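Novice: Residue numbers (the UniProt record's numbering), protein chains in the order written: chain G, 1 to 636; chain S, 1 to 636.
Errors might be hidden in some of the hints.
Note: identical chains are not told apart, hence a pair may lie in one copy or across any two.
With a Cα cut of at most 25 Å, we get these calculated BS3-like pairs of lysine-lysine [to be verified]:
id	residue 1	residue 2
1	Lys317	Lys631
2	Lys244	Lys254
3	Lys296	Lys200
4	Lys317	Lys173
5	Lys50	Lys317
6	Lys173	Lys205
7	Lys533	Lys494
8	Lys631	Lys218
9	Lys317	Lys184
10	Lys296	Lys173
11	Lys173	Lys200
12	Lys548	Lys533
13	Lys254	Lys525
14	Lys525	Lys494
15	Lys631	Lys296
Please keep in mind that the hints were generated in silico from the structure rather than gathered at the bench. Everything numeric in this text was worked out from a predicted model, so none of it was measured.
There are 2 protein chains.
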Amino acid sequence: MAPPKTARKLQVLSPVPADIDIANAVEPLHISEIAASLDLSPSHYDLYGKYKAKVLLSVFDELQGSADGYYVVVGGITPTPLGEGKSTTTVGLCQALGAFLDKKVVTCLRQPSQGPTFGIKGGAAGGGYSQVIPMDEFNLHLTGDIHAITAANNLLAAAIDTRIFHEASQSDKALFNRLCPPNKEGKRRFADVMLRRLQKLGISKSDPDELTPDEIKKFARLDIDPDSITWRRVMDVNDRFLRKITIGQGPEEKGMTRETGFDISVASEIMAVLALTTSLADMRERLGRMVIGNSKSGEPITADDLGLGGALTVLMKDAINPTLMQTLEGTPVLVHAGPFANIAHGNSSIVADKIALKLVGPGGFVVTEAGFGADIGAEKFMNIKCRYSALVPQCAVIVATIRALKMHGGGPEVVAGRPLDHAYLSENVALVEAGCVNLARHISNTRAYGVNVVVAVNMFASDSESELNVVRSASLAAGAFDAVICTHHAHGGKGAVDLGIAVQKACESQTEPLRFLYPLDICIKEKIEAIAKSYGASGVEYSEQAEKKIEMYTRQGFSDLPICMAKTQYSFSHVPSQKGAPSGFVLPIRDVRASIGAGFIYPLVGTMSTMPGLPTRPCFFDIDIDFSTGKVLGLS
Amino acid sequence: MAPPKTARKLQVLSPVPADIDIANAVEPLHISEIAASLDLSPSHYDLYGKYKAKVLLSVFDELQGSADGYYVVVGGITPTPLGEGKSTTTVGLCQALGAFLDKKVVTCLRQPSQGPTFGIKGGAAGGGYSQVIPMDEFNLHLTGDIHAITAANNLLAAAIDTRIFHEASQSDKALFNRLCPPNKEGKRRFADVMLRRLQKLGISKSDPDELTPDEIKKFARLDIDPDSITWRRVMDVNDRFLRKITIGQGPEEKGMTRETGFDISVASEIMAVLALTTSLADMRERLGRMVIGNSKSGEPITADDLGLGGALTVLMKDAINPTLMQTLEGTPVLVHAGPFANIAHGNSSIVADKIALKLVGPGGFVVTEAGFGADIGAEKFMNIKCRYSALVPQCAVIVATIRALKMHGGGPEVVAGRPLDHAYLSENVALVEAGCVNLARHISNTRAYGVNVVVAVNMFASDSESELNVVRSASLAAGAFDAVICTHHAHGGKGAVDLGIAVQKACESQTEPLRFLYPLDICIKEKIEAIAKSYGASGVEYSEQAEKKIEMYTRQGFSDLPICMAKTQYSFSHVPSQKGAPSGFVLPIRDVRASIGAGFIYPLVGTMSTMPGLPTRPCFFDIDIDFSTGKVLGLS
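Sequences and hints are given; from them, build the entire structure.
Specialist: If you want it as structure tokens, here you go:
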């Protein structure tokens, strides 16, 4: 029996109503219907209410022998305050493919952080007639994955400080006695996770009673250097007052104070692990080898050294299953993982993409979103995500708007609260032409991976025919396979049918192999320099701190990892105000950090905030419930 | 059609295997079968995987006209390190009622905190052959309620500090302009939550443009006194280094540092709100009126003043639905809310009990657990929970063990890691007799509410006939309706059949009305003194701080709330080492705080920790996943 069709035609209104009103006006299908449209039976997923289900990883194992569909990645030009509509285009394209072009399609999206939902940005479910629904469930707890990350991250943090505290007050013998207490028969036993530490130390004994005093000391004393700790606590709230704090000031902590801070939960390395892992067993290994700092003698200390690899995996065991939702037009969506693209690798999960590619099968489409521009999300998509997943995209979509291109062409500054400048509201071909240098570099950078590029111009009513033609020509000149005008915000999937057709053609004619920007076996600096060159930089400048850290990570054996640049998304360079396609600058590397569990080295290009703040009037003022309908109000 | 029977007979082994092994050996029924046994159809609940479902509050509305079942509360004697098995008895009693006595029964339990699960205590799903399953899901994220509380609590905390920050740097006019910005047409609008603040201020205008400069100042400037802030951040992790911290040390926070700290999430007032609320609309009101501190002029500042009542409700909208699970013998369990009993009111939710009473109907039983002894959980059950719910229990079960009574009778100290003293392992009738003073006071205190008391002696193999007889006689002499020996840990429901029969008789013969310990309309001190008297105290001593706070809360109009004593659970008095039934002591009140949203004043009797720590070898060392079966290992 063919799976039921779930595609649903929309009644669109003009002018386009508020996002939440559009979302609330559509009654979503029961998620089991969406699942059935992908040939999933109830044993393949766990329901979370009526409109969300977690698809179990076992689905991938079952389908391992079958062929994949086409793999499409959506990125954007360099973002501006005017917005490009990247998520909206991702959703609109899928609504076109699924509801109008009769293709099997799955949209793979990142789970948004709850912090910005209540802060400035609002939700992230797309917009207009291209949205994931129910948008309140998408933007709020979803199925608890980020909460699980918060819990796991903070359990590890608590374990670090408490371990230092206990080591400070106990002799080697007492410490060992507490770590491996004798049972009723006087017999000691190592927990499984302790055997990993013994192995790392080169101690091949499994009976605690056989350890020599020196081995006992090596095993029981992690001797963490408090100044070396890179592991911070996290919270999924925009709480700027936690950026820098002093902990341990209670009298019971005996003066063991330490300066540290909180990041927003999506910045946790555990989020990056979730996004990059390929199986439950692989996640167990990655979580266990996360490095939290060094011992006083300079050896990396891991979560497994602290005894936590198994417990963290248990906390994350449901989070590893992607969440199935639906678009306004009834096409399936997998929401999974949500690392930020400026401070992490900014892509949704490998496991969701892999499952989706099997579910759509040959001729079907998986459309996945990478954060921000080609310098940020797409570069990391190719060099980190595809390297770990071994998946190869057939097409990259780059989303642009006439307004944003005008800004890249030198258009006036946009200030929140002030009316938009005339330049953005009426025809100005010269500005658009000038701005196309930004788009062109995103195209050529992406083409360099050997992938076909389709430009999607997300159209506004004020865009003129001449302006749109300029973008089309510039795109083709820069090497794009095609450039298409879309109106999915106003019309849903119907407005992205041309884009869908172009993407299909691009996929069908893709023949080149995926070419990475750098091999893994060159040194850290060479890799950084390869990426910097792709930004347009003429060179790289390292701080003393960065030099030291590169040396340290190399000495610790981590130099063969890929690189994840932490850089502003607002420019190809490190200076957010440099629009267009800057070149000839020297990229400064302020510091270098490492996410060993996730599997990358991340150089910090300037200072990136890892904890947003709340404005004077946060979004939360408008968020409430209508008790008569039970609907959430005021989400945007 | 009669609902399907789900009761299932257990194959019990001797000696009793580890809790997790018993739990993993039973394949749970799909939760829809458990739901069907309560006449619930799929529209009444949301599935969360195969073994958990959230029962929607609308069920209560549907059944509002139908009659309630019997309402049984389970408490214990004063706890000792030897344990009493209160949760185990609660579950065992229900397995007896449901699987052996053919009664409709629902067990109402608190959700355990994840902190202790990975710390010292381990899980809280009962034990032996009386457990809630799957025990890993019970002890871990469950359906995300505690995570929702953490998120809501911390959003409010972030809003407090950020508001102070923004008020410090902006003029009244700028502040008002940001809070009520003009839209494109230049028109300003108050958010709904702002109208609440205007009403509180006695400003009956709804057009922002009509406010006078003085009204603008009153409206826009909360003028929070940083030293008065009682709202702390929370985390569901045992992180002792967060007990006392300094926040705001980042350069962007401009020197606005403040000393504060984190509590464990279950200590959040939002947890108490969840436990005591009666509907979504009631929860909205309670969340909005939570007081976070005072203005510099001494007025209480609420979550609604900060603009958050609606947003907090949205974060908590799914958490208000109780989670349906099952016991080892297939009887239904509602898990909902988990405030600690020493620092909060220590009872599961009103909404779960109310729904359960309708679901079991006349002749059925709802067994709900109150934390610790009659001084802690049961007193608060009667005077706070039943006062807000208007429900009346027909029977109170008090759980005791011979071992624990021996300790109350003067038995030797129990030290973790050292072998148990001989006194606890062989007959010692004199110690048991002496210890029964503790049990007797719990019985008489509970009888004072007009409720029938049944004592459940949770039997160990080492207990002698004479020892058990002593407890029976002492119980009856103290006014108990009955006293019964139980072996549900070893035998499941079958071991609690006598208890089930006694509880049924106690319920059927209950005739007295519920008598509260104090009326609400006396002053705060008189209420505190009534409770202290029930502890055996001869008087109460107030610190200067406590005197000031009582005066303040009285002036602020909060003196008619019930009292929730924050007191050690290890003694009737404030001194944990005073076992048995101490009397004649003077109860010291160190400080007085208030949970205005939850609806109680809480005096602090001594210093209670609101953030546990981790030991040198926390439970997490043993927690892992068996990748071949997917089962969680090492939970206890």
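Novice: Indicate, hint by hint, whether the structure satisfies it.
Specialist: How the hints compare with the structure:
no., hint, verdict
1, Lys317 to Lys631, "between (31 Å within a copy, 10 Å between copies)"
2, Lys244 to Lys254, "both (21 Å within a copy, 12 Å between copies)"
3, Lys296 to Lys200, "within (17 Å within a copy, 57 Å between copies)"
4, Lys317 to Lys173, "neither (35 Å within a copy, 51 Å between copies)"
5, Lys50 to Lys317, "both (22 Å within a copy, 15 Å between copies)"
6, Lys173 to Lys205, "within (18 Å within a copy, 72 Å between copies)"
7, Lys533 to Lys494, "neither (40 Å within a copy, 75 Å between copies)"
8, Lys631 to Lys218, "neither (58 Å within a copy, 32 Å between copies)"
9, Lys317 to Lys184, "neither (33 Å within a copy, 48 Å between copies)"
10, Lys296 to Lys173, "within (20 Å within a copy, 54 Å between copies)"
11, Lys173 to Lys200, "within (21 Å within a copy, 63 Å between copies)"
12, Lys548 to Lys533, "within (23 Å within a copy, 67 Å between copies)"
13, Lys254 to Lys525, "neither (43 Å within a copy, 36 Å between copies)"
14, Lys525 to Lys494, "neither (47 Å within a copy, 70 Å between copies)"
15, Lys631 to Lys296, "neither (55 Å within a copy, 37 Å between copies)"
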